[in-house]
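Put together the whole structure using the sequences plus the hints.
First residue of the sequence shown: 5, per the working numbering; consecutive thereafter.
Simulated from the structure, these hints should not be mistaken for laboratory data. One or more hints might be untrue.
[Claimed, not checked] 27 Å max Cα-Cα, derived DSS-like pairs, lysine-lysine:
hint : residue 1 : residue 2
1    : LYS676    : LYS891
2    : LYS921    : LYS891
3    : LYS676    : LYS921
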Amino acid sequence: MSTPLDPALIADLLAAPAVEAQISLLQAAGLADEPGLTQLLDHATGLVRTTPGHARRLAVLCATVATDSSLTAIIPPAAYLQAQTHALNGDFGRAAQLIAAARAGYQRLGNSEAALRTNVGLMHVLGESGRYEEALAAGQEVLTGINGRSPHPLTALALHNRGTCFEQLGRYDEAIAAYAHAETTYQLLDMREPLGHVRNNRGLVLLSLGQARAALDAFTAAADIYTAEGSSFSLARTWTNLGETRLLLGDYQQSLALFDQAHQFFQQQDALAEHHILLLGRAKAYLALNLFAQAQAAYQEVEELLRTAGMAHHHAQALWGLGIAHRAQQQFDEAATALAAANAAFATVGNQPLQVSVLLEQASLQAAQGNRGVALQQAQQALALTSDHNWPIQTFFTHLRLADLLLPDVAAAESHLLAAQTISQSLALPHLRYRVNQRLGRLRLLQGDYPAAQQLLQTAVFDIEQLRGNLAQEALRLSFLDDKTAAYEDLIQLHLLQNDIEQAFAAAEQAKSRTLAELLAGLLAVQQPANDDIAARLQTLQADLNAIYNEVLGLDQGSERRPRLLGNLNHQARLLEQEISQLRLQLPLGQPQGDPLLHAVLPSQPHLPPHTTMLAYHTIGDEILAFVQHNGRLSVFRQLSSVTAVRQALQRLDIQWQRFRVGAEFISRHQKQLERSAQTVLQTLHQALIAPLTHALTTPRLLIIPHGLLHQLPFHALFDGEHYLLDQYEIAYAPSATIFNLCQQRPLLTDGPALVLGVSDPSIPQVVAEAEAIAATLGNAQLFLDGAATTAVFRHHAPHSRLLHLACHGLFRSGNPMFSALKLHDGWFTASDVMNLPLRHALITLSACESGRSQILGGDEILGLSRAFLGAGAAALAVSLWLVEDKTTALLMADWYQRLQQHGMAAALRAAQLALKEQYPHPYYWAPFILMGKF
5 MSTPLDPALI
15 ADLLAAPAVE
25 AQISLLQAAG
35 LADEPGLTQL
45 LDHATGLVRT
55 TPGHARRLAV
65 LCATVATDSS
75 LTAIIPPAAY
85 LQAQTHALNG
95 DFGRAAQLIA
105 AARAGYQRLG
115 NSEAALRTNV
125 GLMHVLGESG
135 RYEEALAAGQ
145 EVLTGINGRS
155 PHPLTALALH
165 NRGTCFEQLG
175 RYDEAIAAYA
185 HAETTYQLLD
195 MREPLGHVRN
205 NRGLVLLSLG
215 QARAALDAFT
225 AAADIYTAEG
235 SSFSLARTWT
245 NLGETRLLLG
255 DYQQSLALFD
265 QAHQFFQQQD
275 ALAEHHILLL
285 GRAKAYLALN
295 LFAQAQAAYQ
305 EVEELLRTAG
315 MAHHHAQALW
325 GLGIAHRAQQ
335 QFDEAATALA
345 AANAAFATVG
355 NQPLQVSVLL
365 EQASLQAAQG
375 NRGVALQQAQ
385 QALALTSDHN
395 WPIQTFFTHL
405 RLADLLLPDV
415 AAAESHLLAA
425 QTISQSLALP
435 HLRYRVNQRL
445 GRLRLLQGDY
455 PAAQQLLQTA
465 VFDIEQLRGN
475 LAQEALRLSF
485 LDDKTAAYED
495 LIQLHLLQND
505 IEQAFAAAEQ
515 AKSRTLAELL
525 AGLLAVQQPA
535 NDDIAARLQT
545 LQADLNAIYN
555 EVLGLDQGSE
565 RRPRLLGNLN
575 HQARLLEQEI
585 SQLRLQLPLG
595 QPQGDPLLHA
605 VLPSQPHLPP
615 HTTMLAYHTI
625 GDEILAFVQH
635 NGRLSVFRQL
645 SSVTAVRQAL
655 QRLDIQWQRF
665 RVGAEFISRH
675 QKQLERSAQT
685 VLQTLHQALI
695 APLTHALTTP
705 RLLIIPHGLL
715 HQLPFHALFD
725 GEHYLLDQYE
735 IAYAPSATIF
745 NLCQQRPLLT
755 DGPALVLGVS
765 DPSIPQVVAE
775 AEAIAATLGN
785 AQLFLDGAAT
795 TAVFRHHAPH
805 SRLLHLACHG
815 LFRSGNPMFS
825 ALKLHDGWFT
835 ASDVMNLPLR
845 HALITLSACE
855 SGRSQILGGD
865 EILGLSRAFL
875 GAGAAALAVS
885 LWLVEDKTTA
895 LLMADWYQRL
905 QQHGMAAALR
915 AAQLALKEQY
925 PHPYYWAPFI
935 LMGKF
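Spelled out as structure tokens, the structure:
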């Protein structure tokens, strides 16, 4: 007679190092017989709901003892239980083998109903492997075998799994019907946990149909059941589904929190299949937030895992997402390959609606490559495929894609946008609503219906603002506007057409460096600290990245091998930067601080100091325009130039700077020719961007607010044929008028020490002399040179300093600009590191190469060291736009700090630059540094 199971015995069995030890424990407890093994199997079955790895170990033990003792009644259920756990772990091949063994065992025992029951598990395994017709046939075999006996558990289970097959085939109506029948049967039989499963799966179908609120109700009902039943594994699975639902609703913060919650559970389980699905959900979130590099990395990781596991439906989704991520980064060949593979994968499994989704992405890819005719043909093909089906999401995006391809032909596009609007209204999803309202607003604008256009565009902007408002992490808000500026730019166009210049400027400001402004205004949460595991991994990765940056810096400029070596090092650096970025996204999210919509009412027009004129440039399409403000009067100058023409001039200007890398002898021999050549380009840019405004520039000071590619431009060096702009004006820069206002509200510190750090090497020998001269000029300065100028010293002293001067090497990372860095003695201090420093309204000078270069995201967000120091609290910032010359930089800096004793920052910098220009007339020497923030 078997004794009752003791929880301590279960713990000992699971802790035993080998099966022999487990058998000895069973025998000692008197459980190595059929009744005892039956009890143990029942207990293991319960563990599937919480710890499937433990369930598998106990099932293997039961099978081993039963086989050794010829206990034939135990062998089939032990095999079937093992199959369940292998399926949860993504090992569907092994699961299928064990199901076949269980079925054969039951048949030998004459237990036909139990043998039939194994078809339920087989349906799941076949479905995950993409063999849906075989799965449906297995389910039909169950229904035929039960022969109408109702209510019967096997009927409900078979219908349930048939519903899953229909869902993954895109046959949503049939899936809903099958789930409804199964749900009714579960309720009649009071099968609580399976009732949760079917509600969970019904939620997935509703999600595919865009019915996110109904899906949310279904998932919540399932979660309530799992909580009551103590089924932690199924509850965690539902967290993943709730995360996807919140993502569709635009609740990005909650979505990521739910994914994190599920991750914490599944990383402790032998449940690779669920972990893969969770990774897929996180990749979708990155894609929705325009974190394309992170999405690409996540999709690449999970695509391989899903392919290896044979999870056909999810693998096709990973390929689809990977194609979108590649297209967004203009990696067109890679995008075409991934999307073709996704299309083939969905075709193989027979999922037509998702084939349509892939076809629409292929149309987007063709349009991005300029193949409008092919794109239009593909979109029309998608429309034909959706016309007879209830696929609202696919139908919506089909109409939207056609409208995009047909505009500005308003007559052809209007019907598609109205159809999309009808679908959007029925689904009430904000990410659909803002898309269609923006396009309809543009259409009404083109039709001259300005009131309708304004209402639609303002509604689109409101929805975008609401979606942004629940993101706490700066990195998430930063990327969010990247593809959403069209609504703001259409509003600018509308207000300009109505001659409402103030509203046009306000709309321009609303789409310009918004996240940086929110950071300065204290509306974003400070990033939470990492847990120990993430912190340790980040430290290791940062050390590896430091080593690579050092190798990049040490490459021989004249070596023939340099391009190849540099390419390899940059590739290694990008991989490390990518992993660091992904780990940072897994840090605790925090909560948005203050009113998430307060940024919308931050003052946009600048409060200018006396005798100052603002020039705020803006690009709309290919047009460059400028808002000019002086004495409270705002005007606008349209059609100054084209983005195309200015981009070409900037490329020529960059060539001028690159010529100074050739060598001192070449520069000395061709100094005058180099100066004239640079002046020619700078005059072209002056003629385009300054000459049309000259009559409005009547003050001695200019505040210049660039936009887009103009952030690369040294406006103060623009040349009118006789004079540079600096000859006539004091000039300061700001990313936006709002940011300028916020910087003006930061009073420069007058108390406390200055911090001066200098790290020299043979290529920048003047650094030590520069730092010593500046420290002497400042008086109350803490000076740290070479070996003493460490990252720890900088972290410790920077928050308490009224002024910071760093003279060292700088590195701009064009692919990952927030990894741009300054080289201190013991390592590189990146822009991301700077963001975590609490700087106190200091004046900061980065006397380093390219310290002011930035990458510009949609929404005109500047990424690089300038962003980092402004975001960390700087009131004013002096930075360089290109690779600087060591000697002339030292001269400029020493003179600037001398003049700062009697003059304001902009005036002192101007005077120092003009003085240097007398000795070194080429703008390469005197013009690299600009002042951002306060005058």
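Consistency of the hints with the structure:
A threshold of 27 Å between alpha carbons decides the hint, and for LYS676 with LYS891 the separation of about 20 Å falls inside it, so the pair holds. The suggested pairing of LYS921 with LYS891 holds, with an alpha-carbon distance near 14 Å, which does not exceed 27 Å. Between LYS676 and LYS921 the CA atoms are separated by roughly 14 Å; this keeps the pair inside 27 Å, and the hint holds.
In terms of the numbered hints stated before, the structure departs from none.
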